[in-house]
Amino acid sequence: MLSKSFFQRKNVVLVAKELLGKTLVTVTNGLITSGTIVETEAYSFRERGCHAYLNRMTERNRVMFDEGGIAYVYLCYGIHNLFNVVTNKKSNAEAVLIRSLQPKQGEELMKVRMRKTSLKRITSGPGKLTKALGIDRTHNGKNLMSSDIWIEEGIQVARKDIVTTTRVGIDYAGEDAKLPWRFYLKDNIWVSKQ
DNA sequence: TAGAGGATTGAT
DNA sequence: TCAATCCTCTAC
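Residue numbering for the first sequence follows the working numbering, beginning at 805 and increasing consecutively.
Treat the hints as calculated values from the structure; they're not laboratory data.
For each residue, glycine too, the CB sits at the ideal point set by N, CA and C.
Treat each hint with caution, since some may be false.
Unchecked claim - Label-pair ranges, simulated between beta-carbon atoms:
1. Lys990 / Gln909: 20 to 26 Å
2. Lys924 / Asn833: 23 to 29 Å
3. Thr942 / Gln909: 17 to 23 Å
4. Leu858 / Asp991: 34 to 40 Å
5. Ser809 / Gln960: 17 to 23 Å
6. Arg941 / Asn833: 15 to 21 Å
7. Ile966 / Gly882: 28 to 34 Å
8. Thr968 / Cys880: 19 to 25 Å
9. Ser895 / Arg919: 24 to 30 Å
10. Gln909 / Gly945: 20 to 26 Å
11. Lys990 / Asn833: 34 to 40 Å
12. Arg860 / Arg925: 32 to 38 Å
13. Lys924 / Asp965: 20 to 26 Å
What the hints assert, rightly or not - Keeping only pairs whose Cα atoms sit at most 25 Å apart, straight-line, the calculated SDA-like set for lysine to any residue is:
14. Lys997 / Arg813
15. Lys982 / Val817
16. Lys982 / Lys915
17. Lys894 / Arg850
18. Lys915 / Thr827
19. Lys924 / Asn992
20. Lys826 / Lys924
Assemble the whole structure, with the sequences as input and the hints as a guide.
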């Protein structure tokens, strides 16, 4: 299980890169589901793409200002729960959005939750992976070193296998939309968009 | 308290 | 290309 010191480092971009290859695990009703993280995006209070830009704290993004190592889950487009890993120290609002997983454990339960018969792209997208792993807003603010949700070591990722690009769906961020803060594993079929 | 819009998805 | 869908946030 990754510890506090991994999450609380000052550089959210570094944490976003290093989360690639790690395993996100959830347990509900004693049933385990997990996946290898293959796509992430970094968000910081320093830039316009972030809910906490200019240190604006609201009821929704409050947990981003708490210490690294907890979950920030919010409802997007009224339909999808998006899961972020809060990073950095208390009051430094930064987080990593988990955008895609490669299924690892509990594939059958994922299929039931997604109402699919195939695993194809079942966790390829931020709104989909939360549903497949049973993550919703009750996880908001939850410690990521707990017994029903955590992140652990997975596969080793070489620097050359990381593709760096711009973030998805933040046209409103102006110049900051150009920041190269999206990372994914090269040639991995589970990435949401290539 | 009303109105606009969103870190998406899946169907057309 | 477009609708679904429901908060959240801002302005009045």
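Outcome of the hint check:
Between Lys990 and Gln909 the beta carbons are some 24 Å apart, a value that agrees with the proposed interval 20 to 26 Å. Evaluation of the 23 to 29 Å hint for Lys924 and Asn833 yields a pass: the beta carbon distance comes to about 26 Å. Between Thr942 and Gln909, the C-beta spacing of about 21 Å keeps the proposed range 17 to 23 Å intact. Under the hint 34 to 40 Å, the C-beta atoms of Leu858 and Asp991, about 38 Å apart, fit the expected range.
For Ser809 paired with Gln960, a C-beta distance near 19 Å keeps the hint of 17 to 23 Å intact. Restraint check, Arg941 to Asn833: a C-beta distance of roughly 18 Å satisfies the suggested window 15 to 21 Å. Taking 28 to 34 Å as the suggested C-beta distance range, the pair Ile966 and Gly882 conforms, at roughly 33 Å. Evaluation of the 19 to 25 Å hint for Thr968 and Cys880 yields a pass: the beta carbon distance comes to about 24 Å.
About 41 Å separates the C-beta atoms of Ser895 and Arg919, a value inconsistent with the hinted range of 24 to 30 Å. Roughly 25 Å separates the CB atoms of Gln909 and Gly945, a value that falls within the hinted 20 to 26 Å. For Lys990 and Asn833, the Cβ-Cβ distance of about 36 Å falls inside the hinted range of 34 to 40 Å, so the restraint holds. Taking 32 to 38 Å as the suggested C-beta distance range, the pair Arg860 and Arg925 conforms, at roughly 35 Å.
Taken as a hint, the range 20 to 26 Å holds for the pair Lys924 and Asp965, whose Cβ atoms sit roughly 22 Å apart. For a cut-off of 25 Å, the pair hint linking Lys997 to Arg813 is broken: about 28 Å separates their Cα positions. Taken as a hint, the Lys982 and Val817 pair is honoured in the structure, with Cα atoms around 14 Å apart against an allowance of 25 Å. Straight-line distance between C-alpha atoms of Lys982 and Lys915 comes to about 36 Å, which puts the hinted pair past the 25 Å bound.
A C-alpha spacing of about 15 Å is found between Lys894 and Arg850, which places the hinted pair at or below 25 Å, so the restraint holds. Restraint check for Lys915 and Thr827: the C-alpha separation of about 19 Å stays at or below 25 Å, so the hint holds. With a C-alpha separation of about 13 Å, the suggested pairing of Lys924 with Asn992 holds against the 25 Å cut-off. A distance of roughly 20 Å separates the Cα atoms of Lys826 and Lys924; the hinted pair therefore holds under the 25 Å criterion.
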